[in-house]
Amino acid sequence: MFLTIGEKIRQVRKQYGLKQVAFESFGFSRNYISMLETNKRSLNEEMKQLMYDALDQLTNGLFKENYTYEQFCLTPEQQAEIWLEEHCTLEYGLSDYEIFNEVATKYELFQPLINLNEKIAIHYYTTRDHQRSNEYFLKAISYCNQTDINPAKYYNLVGVNFNQLGQYKDAIAQYKIASYFLSEETGSLKYKNLYDMSTSYLYDGDCEQSLIYIDEIMNQNEDIMAKGSSYLLKGMILQKQNKDEEAKKILLEFIENPFCPPILGHAYHNLAYLEYNNGFYEEALKYLDLSLKYRENYSHNSVTNSIVGEINYRLKKYEEAKSIFNEIKRDIFTSAHMDQKEDFITWGLQMYLDLKDFDSIKSLFEEVK
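Numbering (full-length UniProt numbering), first residue to last: 1 to 369.
A portion of the hints provided could be inaccurate.
Cross-link-like lysine to aspartate or glutamate pairs, in silico, EDC-like; alpha carbons within 20 Å at most [claimed, not checked]:
| id | residue 1 | residue 2 |
| --- | --- | --- |
| 1 | 139 | 170 |
| 2 | 106 | 7 |
| 3 | 119 | 129 |
| 4 | 169 | 204 |
| 5 | 176 | 204 |
| 6 | 153 | 170 |
| 7 | 243 | 253 |
| 8 | 316 | 343 |
| 9 | 19 | 53 |
| 10 | 356 | 320 |
| 11 | 139 | 98 |
| 12 | 139 | 91 |
| 13 | 286 | 256 |
| 14 | 243 | 215 |
| 15 | 64 | 53 |
| 16 | 369 | 357 |
| 17 | 64 | 45 |
| 18 | 169 | 135 |
| 19 | 322 | 289 |
| 20 | 341 | 204 |
| 21 | 317 | 283 |
| 22 | 293 | 327 |
| 23 | 329 | 367 |
| 24 | 317 | 354 |
| 25 | 227 | 246 |
| 26 | 317 | 357 |
| 27 | 227 | 208 |
| 28 | 248 | 208 |
| 29 | 139 | 85 |
| 30 | 227 | 215 |
| 31 | 243 | 283 |
| 32 | 119 | 135 |
| 33 | 106 | 86 |
| 34 | 317 | 327 |
| 35 | 341 | 367 |
| 36 | 248 | 289 |
| 37 | 356 | 366 |
| 38 | 48 | 7 |
| 39 | 169 | 208 |
| 40 | 240 | 204 |
Derived from the structure by calculation, the hints contain no laboratory data.
With the hints as extra help, turn the sequences into a complete structure.
Here you go:
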């Protein structure tokens, strides 16, 4: 697939019917040409130019149509590196992964192989195929281990996939491995990993351990996004511990000093959920309305609207509740977290049971299935 200079010479000779003796007038003996073609000898820079000119003259200029001088001088490893760079695309990876893998491993060019595995893994993550996504993140890790590339990023992403699957202990195990590789590091990945680990501990029911990691993020000023998000997560942890007043205090502390504006909508959402759980529906609706004003992501809005719909159901505003339920149903099923899906399905079923709408119950079960 990729030729040495000697192999290129042999290829050109065969293509144009040139004998080895033809090179003698340019100072290359038949024996020397033979040794070049079998990779037993090599050319220095001056000799490369002489050989290139000889091939040009012997083919009446046709040789240059196939090779520039720079291309002629490229080693197989250099050619492979260029080829891998050109073919390191998601489309090629999905259709011809084995060919790419074979080339990269043959020449021990692991960086492009890591890059391709990452692209494929992210593709499967975005299509919600978290198991398949992890297959490629783990391949990326295996190739990182053959280089000096830090695999922490990929261990973290394997954990994220496990978290999405509800396999929280598996997620935590991956985050801990990532932490090992990040022990001497600083920056956003370190705090993202701590945040993700805290989240998985929370979902796994270990609030105390979750608080340990979240407090470490709150006490730093290096990553403002992580710090802001940690206020929201701490509020959720405290709420899980039935410390609603402390949770509300944390959320209001952030809202009154929104040092990270992109997550202000999330803060209002969490505060609304807290008020809703305590039965303060009007207060909850007020905060939900503020949340929707600050949140631009459609999927995030759907989660917020799910609470709006549930409150309407609790207030017996069934038509409004049904309208919201049907409007956001598809997005909740495809994009929401597992716990959010369960909450959404639960209030939807309760609503249809209250209305004795058994056709809608049957339809919902089919969609969930």
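Verification of the supplied hints:
Restraint check: the Cα-Cα separation between residue 139 and residue 170 comes to about 17 Å, which is no more than 20 Å; the hinted pair holds. Of the pairs offered as hints, the one joining residue 106 and residue 7 holds, with about 18 Å between alpha carbons and a cut-off of 20 Å not exceeded. Restraint check for residue 119 and residue 129: satisfied, since their Cα atoms lie roughly 14 Å apart, inside the 20 Å limit. Taking the CA atoms of residue 169 and residue 204, the gap is about 7 Å. The hint holds against a cut of 20 Å.
Proposed proximity of residue 176 and residue 204 is supported: the alpha carbons are some 15 Å apart, at most 20 Å. The straight-line distance between the Cα atoms of residue 153 and residue 170 is roughly 16 Å, inside the 20 Å bound, and the hint therefore holds. Only pairs whose Cα atoms come within 20 Å are accepted, and residue 243 paired with residue 253 is accepted, the gap being roughly 16 Å. Restraint check for residue 316 and residue 343: satisfied, since their Cα atoms lie roughly 18 Å apart, inside the 20 Å limit.
Our distance criterion of 20 Å between C-alpha atoms is met by residue 19 and residue 53, whose separation comes to about 16 Å. Of the pairs offered as hints, the one joining residue 356 and residue 320 holds, with about 17 Å between alpha carbons and a cut-off of 20 Å not exceeded. Distance hint between residue 139 and residue 98 is fulfilled; the C-alpha atoms sit about 13 Å from each other, no more than 20 Å. Taking the CA atoms of residue 139 and residue 91, the gap is about 18 Å. The hint holds against a cut of 20 Å.
A threshold of 20 Å between alpha carbons decides the hint, and for residue 286 with residue 256 the separation of about 16 Å falls inside it, so the pair holds. About 16 Å separates the Cα atoms of residue 243 and residue 215, which keeps this hinted pair within 20 Å; it holds. This hinted pair checks out: residue 64 and residue 53 have alpha carbons roughly 9 Å apart, not beyond 20 Å. For a cut-off of 20 Å, the pair hint linking residue 369 to residue 357 stands: about 19 Å separates their Cα positions.
Between residue 64 and residue 45 the CA atoms are separated by roughly 18 Å; this keeps the pair inside 20 Å, and the hint holds. Restraint check for residue 169 and residue 135: the C-alpha separation of about 18 Å stays at or below 20 Å, so the hint holds. Between residue 322 and residue 289 the alpha-carbon distance is near 19 Å, which keeps this suggested pair within the 20 Å criterion. Taking the CA atoms of residue 341 and residue 204, the gap is near 17 Å; set against the 20 Å cutoff, the hint holds.
Straight-line distance between C-alpha atoms of residue 317 and residue 283 comes to about 17 Å, which keeps the hinted pair within the 20 Å bound. A hinted pair counts as satisfied when its Cα atoms are at most 20 Å apart, and residue 293 with residue 327 qualifies at roughly 18 Å. Distance hint between residue 329 and residue 367 is fulfilled; the C-alpha atoms sit about 10 Å from each other, no more than 20 Å. Taken as a hint, the residue 317 and residue 354 pair is honoured in the structure, with Cα atoms around 12 Å apart against an allowance of 20 Å.
The suggested pairing of residue 227 with residue 246 holds, with an alpha-carbon distance near 18 Å, which does not exceed 20 Å. For a cut-off of 20 Å, the pair hint linking residue 317 to residue 357 stands: about 15 Å separates their Cα positions. With a C-alpha separation of about 19 Å, the suggested pairing of residue 227 with residue 208 holds against the 20 Å cut-off. Using a Cα cut-off of 20 Å, the hinted pair residue 248 and residue 208 holds, with the two alpha carbons roughly 18 Å apart.
Between residue 139 and residue 85, the direct Cα distance comes to roughly 18 Å. Compliance with the 20 Å bound is thereby established for this hinted pair. Distance hint between residue 227 and residue 215 is fulfilled; the C-alpha atoms sit about 9 Å from each other, no more than 20 Å. For the given pair, residue 243 sits about 19 Å from residue 283 by alpha-carbon distance, which is consistent with the 20 Å threshold. Our distance criterion of 20 Å between C-alpha atoms is met by residue 119 and residue 135, whose separation comes to about 12 Å.
Annotation: proposed proximity of residue 106 to residue 86 holds, straight-line Cα distance about 17 Å (limit 20 Å). Restraint check for residue 317 and residue 327: satisfied, since their Cα atoms lie roughly 16 Å apart, inside the 20 Å limit. Distance restraint check for residue 341 and residue 367: the Cα-Cα separation of roughly 12 Å lies within the 20 Å cut-off, and the hinted pair is therefore satisfied. Taking the CA atoms of residue 248 and residue 289, the gap is near 18 Å; set against the 20 Å cutoff, the hint holds.
Restraint check for residue 356 and residue 366: the C-alpha separation of about 17 Å stays at or below 20 Å, so the hint holds. Of the pairs offered as hints, the one joining residue 48 and residue 7 holds, with about 14 Å between alpha carbons and a cut-off of 20 Å not exceeded. Under the criterion of a C-alpha separation no larger than 20 Å, the hint pairing residue 169 with residue 208 is consistent with the structure, at around 15 Å. Between residue 240 and residue 204, the direct Cα distance comes to roughly 12 Å. Compliance with the 20 Å bound is thereby established for this hinted pair.
Taken one by one, the earlier hints all hold for this structure without exception.
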